[in-house]
Amino acid sequence: MDIEFSFIVIDDSELDCFVTQKFLELSDKNLVIKTFQNAQHALEVIHENPNRNSLVPTIILLDLQMPFMSGFKFVEEFEKLSPEIKENYMIIILTILSPVSSPGDIYRIFNYGAVKSIVEKPLTKEKLLSLLNHVRLNPLT
Amino acid sequence: MSGKIKILYLDDEPENLIGFKASLRLNYQILTAVNVPQAIICLNDHPEIKVVFCDQRMPGKTGVDFFEEIRVSHPLPVRILLTAYTDVESIIDAINKGNIFRFVKKPWIEADIIWAVDEANKFYLANSMLSVKNDELQKAYNELNKFAYSVSHDIRGPLSGILGAINLAREIDDIEEMKEMLFLMEKSVKKLDTYVLSMHDYYSLQRGELKITEIDFNKVTDELKTIFIVNAKINNVAFNVNVKQDEIFRSDYAPLRLILNNLLSNAFKYQDRNSNNKSVEVVVEVHNSVATIYVKDTGIGILGSHVSEIFNLFYRSNSLEVGSGFGLYNVKGALLKLNGEIEVQSILHQGTTFKVTIPSI
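Chains as they are written, first to last, in the working numbering: chain A, 1 to 141; chain B, 142 to 502.
It cannot be assumed that every hint is accurate.
Computed list of lysine-lysine pairs in BS3-like fashion (alpha-carbon distance at most 25 Å, straight line) [what the hints assert, rightly or not]:
hint : chain 1 : residue 1 : chain 2 : residue 2
1    : B       : K320      : A       : K34
2    : B       : K287      : A       : K73
3    : A       : K29       : B       : K320
4    : A       : K34       : B       : K328
5    : B       : K246      : B       : K162
6    : B       : K320      : A       : K125
7    : A       : K125      : B       : K328
To be clear about the criterion: a stretch of chain A counts as covered by chain B if any three or more of its residues have a C-beta under 8 Å from a C-beta of chain B, and this derived list gives those stretches [claimed, not checked]:
hint : region
8    : 16-26
9    : 121-130
Hints in this document: simulated from the structure, not taken from any laboratory. C-beta atoms are modelled at their ideal positions from N, C-alpha and C, and glycine is treated no differently.
Work out the full structure, taking the sequences as your base and the hints as a guide.
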C-alpha cells in the first residue's frame, strides 16, 4: 500500500513524542514521521522544506502547553505561511484537557482553518484509529 | 521629624492656625493652610499626611464641602472637623457627605486633639495595613492561578505521558523498544519528583522564619561539591570552587543553600552538550560583611530578550532540558528573605554568570 499520510509530532515531552511515534508506527509501518520537541524548529522545517516532492498530505499532531513556543503561538505563525505550503497540512491538537486551561482558548484555536480536530492525551490505539478515520473522511481539499 | 505624625490644619483665621501649631508642634508635624486651594496643594506635596483638621465655617467652601472633595481626591488622610457651630444639619452633612472620623468642638482643649489624633492614627494604620494585606492577597491569588496552570502542565503532563506509555506497552513486543521507553518513563517520573521537591522548597520559603547562624562558606561549598561532582564527572564538566572568607558571616543556612543549589544545578543542566570545553565555576568572597557569590558556566546562555523573565514563576526559556520553572523564582524568594541581590550576565552559546550579593545579618 502506498504511503497515505506523513506525520509531524510536536511535543515538548520526549516521552510523549516517543509514545505518539510508536503508536503511529504500529498503526502503519509505512508512515513518514518526524518529531519535534521545539515548535519553532518544526515551523522552520515546514517553512523551508514544504512537501514539494511528496504529494502526501501531512498531519501535524500538536501539543498546546509548551515552553518557548506554545501550540497556540505555533498555529498563529503557521497561518502566516503561504497558502501553497499550508494546503498540504492539517493540524490536530493533541493535549491534556483540564478545567484549568480555559475552554475559551481551546475553542478559539478552531477558528484557524488548519486546525481540524482535537484529541485528549493520553493517546490510545482506539483514539488514534478514530482520528485516522476522521482524517480519511475529511480529506484535505 | 519623620517620626512625628503629619497633620494638616485648614482654617481661614490665621490666629487659629498659629494657636494650634504653638500648642501641638512638639507632638506632631503640623502643616497649615488658610484656604482650600492651599490645602489641596499641601495634600499633593505631602502624601504622607495622616490627619486633616478643618474648620467648618469658612468663606466660600465649608469644611464639609472641602472634606467631600478630598474624600475622593485624597482618600487616605483621616478627616476631623473642628467647629463651634453645632446644628444638627451640619453634623448630618459632615457624617454623610464628608465621611468624617471625629468632631472636635471649638474652643478645643489639647487633650481632645491629642486623643482624636491618636485614634485617627490608629484608624489610618489599620486602613493601610488592610491595603498591604490586600496587595499580598492579590499576589497570592495570582500565584495560585499560575500554580493551577502549572499543576495541569507539570503534573498532569508527565502523568498523561506515563499513562500513554503504559497503553503503548500493551502493543509492544520488542524488548529493546520497551527498555528505551522505560528510560523515558523514568525521566518523566524524576521530573515529577523534582517538581514536588521544589514545590516544597517554595512553600518552606514562603512560610519559614529566619534562622540565623554563622556561615562557613567552605563547608557549604564542600557539601555542594559532593552533590555536583558526580554530575561533573559524568558529563565531563570541569568544576572549580574558590572561597575567600576571613571574617564571620551570619545568615540563614537553608535559603543560602537553596540559592547555591539552584544556581549550580542550572549551571550543570544548561551546558552545551556538544562543547568540548565545559566548565562550572563558583567564586565566593566575603568582604566587609557582604558575601559576593559568582556562579559561572560555559553553557548555552540565555537569549537577551528572556533575561528579564527568568525569575518569574514557571517561566522556562528553553525546551531542551527538563525544568519546572520553579528554580530561579525560588532563588529570588530566598534572596528577598536574606536581603540579597542577583545580577545576570549571559551570552547566547557562550555561557551565563550569576552574581549574588548577600549582606551578613
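The hints, checked one at a time:
| no. | hint | verdict |
| --- | --- | --- |
| 1 | K320/B x K34/A | 21 Å, holds |
| 2 | K287/B x K73/A | 19 Å, holds |
| 3 | K29/A x K320/B | 21 Å, holds |
| 4 | K34/A x K328/B | 22 Å, holds |
| 5 | K246/B x K162/B | 17 Å, holds |
| 6 | K320/B x K125/A | 20 Å, holds |
| 7 | K125/A x K328/B | 23 Å, holds |
| 8 | 16-26 | holds (count 7) |
| 9 | 121-130 | holds (count 5) |
Going down the numbered hints, you'll see the structure goes against none, and every one checks out.
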